[in-house]
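J.: Sequence:
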Amino acid sequence: DNTKESVNKLNESGMKLEDTKDLLMGIIENLSALSEENAASAEESAASVEKQTASAQEIASASSNLADMAQEMSEMISKFKI
Numbered sequence: 001d002n003t004k005e006s007v008n009k010l011n012e013s014g015m016k017l018e019d020t021k022d023l024l025m026g027i028i029e030n031l032s033a034l035s036e037e038n039a040a041s042a043e044e045s046a047a048s049v050e051k052q053t054a055s056a057q058e059i060a061s062a063s064s065n066l067a068d069m070a071q072e073m074s075e076m077i078s079k080f081k082i
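Under the numbering used here, the first residue of the sequence shown is numbered 1, with each subsequent residue one higher.
If you're looking for bench data, these hints aren't it; they were derived computationally from the structure.
Treat the hints loosely; a few may be bogus.
Stated by the list, open to error - Below, computed lysine-lysine pairings styled on DSSO-like, alpha-carbon distance capped at 30 Å:
| hint | residue 1 | residue 2 |
| --- | --- | --- |
| 1 | K4 | K16 |
| 2 | K21 | K4 |
| 3 | K9 | K21 |
All values derive from a computational prediction rather than experimental measurement.
All chains, full assembly: derive it from the sequences and hints.
T.: Encoded structure:
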């Protein structure tokens, strides 16, 4: 009887371990999916920041050109006396 009980307990433990393993595998798969989603979001964010940086550089360049043109216009206007 003692041997039979031990075998039954081992079988129960084995089934519990199998259930626990399945649960852990599900959790790991979910974590993996979340990690992939986070990586994709990070890449999208980086691309967005890169575009914004490029736009800011274009605006700065255009502003500089506009300032130069304003200076040239001011110099030209100063040549005319009214």
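J.: Confirm or reject each hint.
T.: Right, here's what the structure says about each hint:
{"no.": "1", "hint": "K4 x K16", "result": "holds (18 Å)"}
{"no.": "2", "hint": "K21 x K4", "result": "holds (25 Å)"}
{"no.": "3", "hint": "K9 x K21", "result": "holds (18 Å)"}
Violated hints are absent here; each numbered hint is respected by the structure.
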